[in-house]
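**Q** Position one of the sequence shown corresponds to residue 2 (the numbering used here), numbered consecutively onward.
Wrong hints could be hidden among the right ones.
In silico lysine-lysine, DSSO-like type, Cα no more than 30 Å apart, as pairs [as the list claims (entries may be wrong)]:
| # | residue 1 | residue 2 |
| --- | --- | --- |
| 1 | Lys62 | Lys228 |
| 2 | Lys348 | Lys230 |
| 3 | Lys234 | Lys280 |
| 4 | Lys313 | Lys153 |
| 5 | Lys172 | Lys208 |
| 6 | Lys204 | Lys359 |
| 7 | Lys172 | Lys11 |
| 8 | Lys303 | Lys286 |
| 9 | Lys228 | Lys359 |
| 10 | Lys24 | Lys11 |
| 11 | Lys348 | Lys251 |
| 12 | Lys172 | Lys228 |
| 13 | Lys238 | Lys313 |
| 14 | Lys343 | Lys359 |
| 15 | Lys238 | Lys322 |
| 16 | Lys292 | Lys337 |
Calculated directly from the structure, the hints in this document are not laboratory data.
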Amino acid sequence: MKNSILDFEKCANCGACYNICPKKAITLNENNLYYELQVDNDKCISCGICKQVCPVNSPIKNQKVINAYGAIHNNEEIVLRSSSGGVFSAIAQYVIDNGGIVYGACYSDDFKNVNICSSETHTLEQICRSKYVESRVNQSFLEVKEKLHGNKLVLYCGAPCQIAGLKRFLKEDYDNLITCDFSCGGLPSHKMYQEYLSYIKKKLRAKSITEVNFRPKIYGWEKYAIKIKASNKVYKKWAFADVYFSCFLKQRLSIRDYCYECSFSNNHYSDIILADLWKHNSISKIKNDHKGISLVITNSYKGEEIINNLNKTVSFTVLDKEEASYNLTDRLLNEKLFSEHKDFVVKSQKNGFIKAMKTYKLESSFMFCCRHYVKKFLRKDR
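Could you build the full structure based on these sequences and the hints that come with them?
**A** And the structure:
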C-alpha cells in the first residue's frame, strides 16, 4: 500500500513486510546509514498487507515467562568459544540431531554484512556468537514457512523485533517451530560497521578481513573485547578502548532510531530468551569461573520442553524470575540520548563514522569504567 509503511523512526527492520508482500514491491535500501524500506510504486497494488503484518503497527500477545535459569554448557571448549555460557550451541545441536534446521545471524564471506542464514548453507560455528550490527533477514521467513509445512523442525534465532516479525508473518504457532531471541541493546548501523572494518583493515595494512569476533574471552567473560583477524595480522582491544564498541556500548549512538523506544526489548515473543547472567554474584548457588554463564528464560511450554531435553549437555540452576529479569535490557526512549544520537548520525553522514567519533565528545574510557564498576560494586553489596 503506497505510503502505508511506517516511517524510518518507527521501523525496526524486522523483515515481515518485504517477506509477505505478494508483488515483491518492498525492498531494503542498503545505501543509507541504516537499512531502510523502499516501495516500488509501480509494483504496489495497495493491498495493505504490509501494514497489517507490521508488529509495531499490530502487536501480538506477549508470551508468558515459565522459568528462568543460570546455565553453563558441560563442554568447556564450547563455553570458551561462545559469547556467554554456550547454551545456544546446545539448543542448535539438539535441533540438528533431531533432523531439524537452524536459522541465525552469519557474516557474509567478506564480513561486511550480517544475514540470517541456515545450517543448510552455514556451519553452527558461523551461526553462533554475538554480532553487534543490524542484520538482514532476507527471504528467511518464506523459507521457514516452507520448511514448517514440510514438517521440518526449525529453530529460528534473531533479535526480539525479528522474532515478532516472523510470528506476525506466520500468523499461527507451529509445533515444529522453536524461536529464540536475546537481550538486545539495539542494532548498530551496518554502514558504520563497514567503515569501521575498512579503518581496521587500513590500520593493519591488510588485504582482507578473515575473522570478526565481538565476544572473544581474551580478558575473561565479564570484560567485553573485540578481535579482528586481517590476513596474517590480529587486532584485539578491550571494548571500551575500541572506537566501534565505545560508540555502541557507552552511549548507544550507533543504533537505529526505533531502538530507543523499542516495544520488544521487554516484550519478547520467543519461546526462549538468552542473555548473559551478569548478576551472578548475588546468586550463591552459581559458581562463576569467569568463562561464561548464560541466562535462559523460557517464555512458553515449548521452550521449557526444549530446555528439559538439554540436561545431559548443559548444567542448569533455577533462578527467581525477578532476579533474572534484571539482566534483560529495557529500552525506553531517553530524550537526551536520542538527541545526541541524532546529532551523531548527522555528523556521520556528513564526515563519516570514524571522523564523527574523533570529533564527538564521548565520555572518556576511564570515567566510564569508574562509573561502570562503582555501580557493579554497589549492586554486589545489596
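**Q** Which earlier hints can't be squared with this structure?
**A** 1, 3, 5, 12, 13, 15 and 16
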